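Number of protein chains: 2
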Amino acid sequence: MDILRAALIQHAFKGTKHKTLEFTKEQVLQASKLGAKLVILQELHTQEYFCQSEDVHFFDYALDFQDDVKFFAQVAKEASVVLVTSLFERRSAGLYHNTAVVFESDGSIAGKYRKMHIPDDPGFYEKFYFTPGDLGFEPIKTSLGKLGVMVCWDQWYPEGARIMALKGADLLIYPTAIGWFPSDSQEEKDRQREAWIGIQRGHAIANGIPTIAVNRVGFESDASGVMEGICFWGSSFAFGAQGEELIMGSTDQEEILQVQIDLKRSEEVRRIWPFLRDRRIESYQDILKRYCD
Amino acid sequence: MDILRAALIQHAFKGTKHKTLEFTKEQVLQASKLGAKLVILQELHTQEYFCQSEDVHFFDYALDFQDDVKFFAQVAKEASVVLVTSLFERRSAGLYHNTAVVFESDGSIAGKYRKMHIPDDPGFYEKFYFTPGDLGFEPIKTSLGKLGVMVCWDQWYPEGARIMALKGADLLIYPTAIGWFPSDSQEEKDRQREAWIGIQRGHAIANGIPTIAVNRVGFESDASGVMEGICFWGSSFAFGAQGEELIMGSTDQEEILQVQIDLKRSEEVRRIWPFLRDRRIESYQDILKRYCD
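These protein sequence lines are chains A and B, in that order.
Throughout the first sequence, residue numbering follows numbering that gives the first Met the number 0, covering 0 to 292 in sequence.
Throughout the second sequence, residue numbering follows numbering that gives the first Met the number 0, covering 0 to 292 in sequence.
Only chain A is shown next, with the shape it has when bound in the complex (with noise of 0.2 Å):
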């Protein structure tokens, strides 16, 4: 199969968990209506992003965990697709992770992503919530092909995108929650939402591999009333393996993004730009360091 039908769900949250899981499942079971094999959630598409605030009471959030993975099994089931959710998992009493969790379409887990590297700035308190991941990276294999699944934060780091590849992943997917403060100035906003794209494009290009990133819209405020709230950015994409943009979302809509991912074209493309050919591993051992002074 050389032409993988993906669908990306960009959604808001619903105000609360059983609606937006609802939502969810209508949207899963649309998008494989209209022919979709692969269908791609945002992160953390369960829940409101909690993160902007630390409150141990979300910690309950991810006791639901077992019966998150329950039900998205059977909605990939019933839809029939090979399904990526992201979802916050409780692995003990204070471990806990940020974890994307694969389906394939008769409802079994492929595997699972622990989300590797956690970021924490004003609004994004993630290290308070979430264990940094270590499973490593390891693309899922699926009926459909490898999947290089990442988690949001992740997407800013090339190490993540090019272990994927030298692993074989046929794509790389990152579900993602990102916006903006609304009290910045349009040119900081403009200048973010375009580096947050750029940054993965620049990995479709450098491993000559498809890129897919599904980001959550909407406005949500902070429930600790501290911060002034956040406006997911949308835009979730797809570039091919020359980086080539295929679909681009809008910034606040709710939207089924369908795309035909060709993969052959990594292929063809590596062929005429043969980067992994020509790597200088022996030359690469600082990136191992934290830094070379």
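By construction, these hints were calculated from the structure, which means they are not laboratory data.
Fair warning: this is a prediction, and the values are worked out from it, not measured in the lab.
Identical chains blur together in the list; that is why a pair holds if it fits in one copy or across any two.
Within a straight-line C-alpha distance of at most 25 Å, the following computed PhoX-like cross-link-like pairs (lysine-lysine) qualify:
no. : residue 1 : residue 2
1   : Lys288    : Lys145
2   : Lys111    : Lys288
3   : Lys16     : Lys69
4   : Lys188    : Lys263
5   : Lys126    : Lys288
6   : Lys288    : Lys140
7   : Lys111    : Lys126
8   : Lys288    : Lys166
9   : Lys69     : Lys13
Place chain B on chain A using the hints.
Using the frame of chain A, we list chain B on its own:
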């Protein structure tokens, strides 16, 4: 000094080395008069892009290496600028490099960089001419800051950019010679140019560091008559530390592109997006492998 005034000299080959050297010298002096303190030349700027064919006679060009160094030392001194050149270095009989030599504004040599990643594809037969560099990725200290100078094909590798950043480079600089085959479709030409811009913009973003490329312009035929020739696409550019476009050259004109680089931006951008803080260096070992199979 927070604002670095740089000039990117994008030009065509003038038919002979002598004419090209005289033109280049005049351009550097002109850039200096316009206020530039840092002047950057394109890849192998003293000659035509001779790597379109494999011909042992072209090694004669490298016999001039020491003379070229003397010439550009004098140019840097006369213009009183830090000057980034790109020369064909004869190191011994049968041992040549594609070498960037950086001169201080007093004409002394600040340092040199030998192109680490060497391409080889039809019309760009560089593996015939150049031994891969053995100086690693070391920023060159100058009176204007630490310059992360690499050359052309290096620009496709996030590893080099990252190591330069980890070693404290204040900006990345890529002298380049890249262009289109005239027979390619406009769509393919656009994809190639955009990918070339995109990958380097990605380095700026990933590392929070300004990034400059200087590319030659104009059509050059293949001396062997086998290939159709190359239309070098210019588009010399500078991006800021957040990946914001500062300047972009034309695809078909000789130009002195003047740009002011705010070196404080790296401090600001890396505070709001502290990517270096969160690197998972204990999980990057696979970067040192050719492939993970």
